[in-house]
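Participant: Sequence:
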Amino acid sequence: MASLTLNVDEGLLRRARIRALQQGTSVNQLVRQWLEHYLDEDADRQIGESLVETFNQAAANSGPAPWRWSREELYEERLGEHGR
Numbered sequence: 409m410a411s412l413t414l415n416v417d418e419g420l421l422r423r424a425r426i427r428a429l430q431q432g433t434s435v436n437q438l439v440r441q442w443l444e445h446y447l448d449e450d451a452d453r454q455i456g457e458s459l460v461e462t463f464n465q466a467a468a469n470s471g472p473a474p475w476r477w478s479r480e481e482l483y484e485e486r487l488g489e490h491g492r
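Quick note, this note's numbering runs 408 ahead of the 1-based positions in the sequence shown.
Nothing false has been slipped in among the hints.
Derived DEER-like restraints, expressed as beta-carbon distance ranges:
no., residue 1, residue 2, range
1, 474, 447, 41 to 47 Å
2, 479, 452, 38 to 44 Å
3, 451, 422, 28 to 34 Å
Don't read these hints as lab results, they were simulated from the structure.
Treat the numbers as computed from the prediction; the structure is a model and nothing was measured.
All C-beta atoms, glycine included, are put in the ideal place defined by N, C-alpha and C.
Could you put the whole structure together from the sequences, leaning on the hints where they help?
Facilitator: This is the structure:
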């Protein structure tokens, strides 16, 4: 495992240590968890962008629909005999 040295305000580090103790963990573990969460968000964003691009390509390649529904066809089942 690699080591990382950070320069932070003493008060900030003290508060982080207290919070970590209250949570039964360490500042090191909190930083590791934050980094993992940070990278997961980036991966999720990339997946979302990839899906949008895929949908856009599919829409561009599908061309126009071979038919268009009429208003009557869209409401035919709902209207049944009463609507005519």
